[in-house]
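There are 2 protein chains.
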Amino acid sequence: MLKRILSTLALALAVTSVSAQESVWKTHCGTPTGQDKFPIYSYKELPAFEKSDPAQWKGVKGITAFWGDKDFRYPATYSPAGLKSVPVAKVLKGWRGERVFAQAVISSAVEAKDVEYVISDLKGSAAVIPASCIEAGFLRYVMTDEIGPTGNGCNARPDHSAYDSSMVADCVDPYLKSMDMGAMQTQGLWLTCWIPQDVPAGTYRGTVTIKSAGKTVRTLKLDVVAQKEVLPLPKDWSFHLDLWQNPFAVARYYQVPVWSKDHLEAMRPIMERLAKAGQKVITTSITHHPWHSQTEDPFESMITWTKKVDGTWEYGFDVFDMWVEFMMSCGIDQQINCYSMAPWKLSFLYLDQATYSLKEISTAPGEATYELLWTDFLKAFAKHLREKGWLGKTAIAMDERPMDVMKQIISVIKKADPGFKIALAGNYYEEIDKDVDDYCIVVPDKFPEGVVDRRRSEGKFSTYYTCCQPGKPNTFTCSDPAESREIGLLVANLNADGYLRWAYNSWPLEPLLDSRFRSWAAGDTYLVYPGNRTSIRFEHLIEGIQEYEKLKSLK
Amino acid sequence: MLKRILSTLALALAVTSVSAQESVWKTHCGTPTGQDKFPIYSYKELPAFEKSDPAQWKGVKGITAFWGDKDFRYPATYSPAGLKSVPVAKVLKGWRGERVFAQAVISSAVEAKDVEYVISDLKGSAAVIPASCIEAGFLRYVMTDEIGPTGNGCNARPDHSAYDSSMVADCVDPYLKSMDMGAMQTQGLWLTCWIPQDVPAGTYRGTVTIKSAGKTVRTLKLDVVAQKEVLPLPKDWSFHLDLWQNPFAVARYYQVPVWSKDHLEAMRPIMERLAKAGQKVITTSITHHPWHSQTEDPFESMITWTKKVDGTWEYGFDVFDMWVEFMMSCGIDQQINCYSMAPWKLSFLYLDQATYSLKEISTAPGEATYELLWTDFLKAFAKHLREKGWLGKTAIAMDERPMDVMKQIISVIKKADPGFKIALAGNYYEEIDKDVDDYCIVVPDKFPEGVVDRRRSEGKFSTYYTCCQPGKPNTFTCSDPAESREIGLLVANLNADGYLRWAYNSWPLEPLLDSRFRSWAAGDTYLVYPGNRTSIRFEHLIEGIQEYEKLKSLK
Numbered sequence: 008m009l010k011r012i013l014s015t016l017a018l019a020l021a022v023t024s025v026s027a028q029e030s031v032w033k034t035h036c037g038t039p040t041g042q043d044k045f046p047i048y049s050y051k052e053l054p055a056f057e058k059s060d061p062a063q064w065k066g067v068k069g070i071t072a073f074w075g076d077k078d079f080r081y082p083a084t085y086s087p088a089g090l091k092s093v094p095v096a097k098v099l100k101g102w103r104g105e106r107v108f109a110q111a112v113i114s115s116a117v118e119a120k121d122v123e124y125v126i127s128d129l130k131g132s133a134a135v136i137p138a139s140c141i142e143a144g145f146l147r148y149v150m151t152d153e154i155g156p157t158g159n160g161c162n163a164r165p166d167h168s169a170y171d172s173s174m175v176a177d178c179v180d181p182y183l184k185s186m187d188m189g190a191m192q193t194q195g196l197w198l199t200c201w202i203p204q205d206v207p208a209g210t211y212r213g214t215v216t217i218k219s220a221g222k223t224v225r226t227l228k229l230d231v232v233a234q235k236e237v238l239p240l241p242k243d244w245s246f247h248l249d250l251w252q253n254p255f256a257v258a259r260y261y262q263v264p265v266w267s268k269d270h271l272e273a274m275r276p277i278m279e280r281l282a283k284a285g286q287k288v289i290t291t292s293i294t295h296h297p298w299h300s301q302t303e304d305p306f307e308s309m310i311t312w313t314k315k316v317d318g319t320w321e322y323g324f325d326v327f328d329m330w331v332e333f334m335m336s337c338g339i340d341q342q343i344n345c346y347s348m349a350p351w352k353l354s355f356l357y358l359d360q361a362t363y364s365l366k367e368i369s370t371a372p373g374e375a376t377y378e379l380l381w382t383d384f385l386k387a388f389a390k391h392l393r394e395k396g397w398l399g400k401t402a403i404a405m406d407e408r409p410m411d412v413m414k415q416i417i418s419v420i421k422k423a424d425p426g427f428k429i430a431l432a433g434n435y436y437e438e439i440d441k442d443v444d445d446y447c448i449v450v451p452d453k454f455p456e457g458v459v460d461r462r463r464s465e466g467k468f469s470t471y472y473t474c475c476q477p478g479k480p481n482t483f484t485c486s487d488p489a490e491s492r493e494i495g496l497l498v499a500n501l502n503a504d505g506y507l508r509w510a511y512n513s514w515p516l517e518p519l520l521d522s523r524f525r526s527w528a529a530g531d532t533y534l535v536y537p538g539n540r541t542s543i544r545f546e547h548l549i550e551g552i553q554e555y556e557k558l559k560s561l562k
Numbered sequence: 008m009l010k011r012i013l014s015t016l017a018l019a020l021a022v023t024s025v026s027a028q029e030s031v032w033k034t035h036c037g038t039p040t041g042q043d044k045f046p047i048y049s050y051k052e053l054p055a056f057e058k059s060d061p062a063q064w065k066g067v068k069g070i071t072a073f074w075g076d077k078d079f080r081y082p083a084t085y086s087p088a089g090l091k092s093v094p095v096a097k098v099l100k101g102w103r104g105e106r107v108f109a110q111a112v113i114s115s116a117v118e119a120k121d122v123e124y125v126i127s128d129l130k131g132s133a134a135v136i137p138a139s140c141i142e143a144g145f146l147r148y149v150m151t152d153e154i155g156p157t158g159n160g161c162n163a164r165p166d167h168s169a170y171d172s173s174m175v176a177d178c179v180d181p182y183l184k185s186m187d188m189g190a191m192q193t194q195g196l197w198l199t200c201w202i203p204q205d206v207p208a209g210t211y212r213g214t215v216t217i218k219s220a221g222k223t224v225r226t227l228k229l230d231v232v233a234q235k236e237v238l239p240l241p242k243d244w245s246f247h248l249d250l251w252q253n254p255f256a257v258a259r260y261y262q263v264p265v266w267s268k269d270h271l272e273a274m275r276p277i278m279e280r281l282a283k284a285g286q287k288v289i290t291t292s293i294t295h296h297p298w299h300s301q302t303e304d305p306f307e308s309m310i311t312w313t314k315k316v317d318g319t320w321e322y323g324f325d326v327f328d329m330w331v332e333f334m335m336s337c338g339i340d341q342q343i344n345c346y347s348m349a350p351w352k353l354s355f356l357y358l359d360q361a362t363y364s365l366k367e368i369s370t371a372p373g374e375a376t377y378e379l380l381w382t383d384f385l386k387a388f389a390k391h392l393r394e395k396g397w398l399g400k401t402a403i404a405m406d407e408r409p410m411d412v413m414k415q416i417i418s419v420i421k422k423a424d425p426g427f428k429i430a431l432a433g434n435y436y437e438e439i440d441k442d443v444d445d446y447c448i449v450v451p452d453k454f455p456e457g458v459v460d461r462r463r464s465e466g467k468f469s470t471y472y473t474c475c476q477p478g479k480p481n482t483f484t485c486s487d488p489a490e491s492r493e494i495g496l497l498v499a500n501l502n503a504d505g506y507l508r509w510a511y512n513s514w515p516l517e518p519l520l521d522s523r524f525r526s527w528a529a530g531d532t533y534l535v536y537p538g539n540r541t542s543i544r545f546e547h548l549i550e551g552i553q554e555y556e557k558l559k560s561l562k
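Top line first, the protein sequences correspond to chains A and B.
Under the numbering used here, think of the first position of the first sequence as 8, with each following residue one higher.
Under the numbering used here, think of the first position of the second sequence as 8, with each following residue one higher.
These are computed hints drawn from the structure, not numbers from a lab.
No false leads were slipped in.
Because identical chains share one entry, a pair is satisfied inside a single copy or across any pair of copies.
Listed next, the in silico EDC-like pairs over lysine to aspartate or glutamate satisfying Cα-Cα at most 20 Å (straight line):
#1 Lys395 with Asp317
#2 Lys467 with Asp424
#3 Lys315 with Asp325
#4 Lys315 with Glu332
#5 Lys315 with Asp359
Computed from a predicted model, the values in this text were never measured in an experiment.
Work the whole structure out from these sequences, hints included.
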């Protein structure tokens, strides 16, 4: 299914006369779309480079619609010719309070104008699930690449030429209400129905009507069976979900000043969506570029560090406070993770009052300078957090550091203020287990026998993460969508507490068009799209978490 | 006397193999000295490129010493052969509390080893002026250039090739206690005797003994006549002296962190020397680079401006306070001039808390943004100054701005807080006269008839300045030293209150070696040398100010 994009394509395009804007597109998309950068509501996908095979469409007449497999990313060239049946009725079962998912598929052998969908209320014997409980949208195609020869997604790919690329259905676009389809083209329609907690158990019947040029193509039946069990609200889920948020990507993409009212407004629905997935943790950056420039939009420090002329330090917590309060207002309020006492570049930016300039101090855990610097900061930070009432939920967080480094850092934290919690995403080391309140290890590593239960009894979280590894299960745009669901089940099977992923929305340059990034398999850096669009992957992730919660609840 | 340095000389040297250090020297000196950069105590001058003419030295035998003309910069090639007499006795008359000046000259037809000087106490009938009242030092040769064809020193001279250069005696070096002289060489010895206020009037007799290789060359008699009148201490002088200080040049030259204890220690004697010249004004920078990069060491802001994430401004006054308090401790405490609401580049640097980065806001007087920005700052600044008890002596200072700009700025200041004083060095405009507390105009401009007296009665200063203009009188290293004395007399003749010069110590790269700068005639940027060395120019300037005070006192 994947087609190799020849690197010569980009070269061939490069010599044609294009505008500066188009040339920007080309550098990351391989081809221009002609639209303005960073579209939010309406946008054009990259041109499809796969052509449908007329032989495969033989026998398909006109336009049709049917219920598809929600675990399958239908390519635009997909032909329904081989299908033994085209299901027109769907039954989705779920607990009250649970989200259930479906994919409708529209295939057209001919050009079809103004293809649209109408979703009815779902009527039960004693109540109605209104259509507004169903979040639906056409599935949009985005450029992806592949995991690569090492079996995981960790290889850098600055120009993508060594990797196959393809267009995959991933993004659920609620804004595109009507579209024209070309001949021999298939289009998915995603539906997520959130069954209200308070409807009576029973069957709720409705329809999804597909139309073209104002005429009904097909009316698909949709039955949602609300089971008697009730799934708690996401805020009450026990699953410890920690998808790192990147506010800087939102500011850049929405072209609004960072931390402005417009910025917060742009983030609100995106972060509320995250809260509704059961997110527990607020991602904060307490130093400049904790992960150097690993993302398209690096994390700026939410705390300003000022070395005063008398040699004392002064810290500005305003941005940190604003961000934490904002996230809490979005419904994410259980834990505050602070990155990082161990940034990848062991260099800390500060305003030097004497020279009125930004300077860097380079110092590593284990050095006296490091301990002095951080002890002063941590004491001031703890004092501030106590005043805000946040100390008990604040963790100094680190990722992927060697044990000796961790031990040195932990010692500094504990000496400065034992009130801090500590979070680590990295290898499991028994020696530091007792100090790490929120310990996350990578799939397919495993906590030793008994550790998770013991830690749970001590009030500590033990969770798993995926990043560019493992190859499977993962949440890349080139991953099988079912892998995202599998994560919740995997965590349940491992008797663990939750899942961490390092990037909820560290968008690449043009996330709606091209999910590839210079490092790692495409989609590694984000799960949701600009405009607060969800994805097949994110919905499947929620599905898996729901399974986890249901299993917990049944135990 | 001036010899053209061929630009080909530098080129010729450039192709020889030299160390990186030497190559640095060459770029500004034309030739290497081999010593480390930025010497403080002991240093080698640039090699002399003028050779003595044996014909002129005909008849001069051995080594001799005599009292010279303190207004004359004796070149090293100077021959005493033509002198009708070589005075060996000197009588200096001055008020008690006054400084009196003399120059001894040593000329040697032959090589002379270990030339040194011994100054005795000066004995009077009832008291002694101890030798410690005499500040003395060999006059060192420094590279200068010339005023140039326009008649003033304002022409840029990035490579000096269009100007004659020469070595002139200017710097008084108290550290060089003994020196070897070449054959046919002349060397000045400067003496400043500060007559104590409290000695009885009368004649005080002593000697200056010149030795070579341990043997006395000549004993010169020195009589100081202390007159009955008493000159007040410099802090009580009425002359409004305003030589701008550059702390950043000292930090760079002494290679100490700016505003560190070492930095203050390095500056203390230099600034105490300035206080003893009667300086009244502390130069402060309240914005980043108020004069862009016109000096070798630009002025950093002594106040940090932070735009907080909520849009409000916060100001850090720590450096400003430290500097002002330091200067006051050096004895300069009458006025604080703050630069600048009108920096040459109308762009203001601030720390943007939201992005944790330094940003610039470009706005000009007359714009709403400018007024908002400055009103907020001035209100906060006035509050701070009131708390420190300094508001009454603080002037918002500007230089060389057009009248309409000044009017707009004055309006912003007065609205923000009428407690601020205003200082201006620029053209005289009647329309703003009433608002400018410290008005300084350039020589040879003149305040209109009656203006100075009227202003004085209003408690306002009216002073004169020189910068790269006029060509004469001025204080360049290529100026006649008497011109520096003339300034005080000129101010007295014009019935004005004082003198301003924009650079007390804005040192070029290597001020001990080369007084030239990329802009303006050499020496424009400084009057004193590293190591707290005075200069012929600075001593003459003090002499003129003393004349001013004596005239005032006699009126």
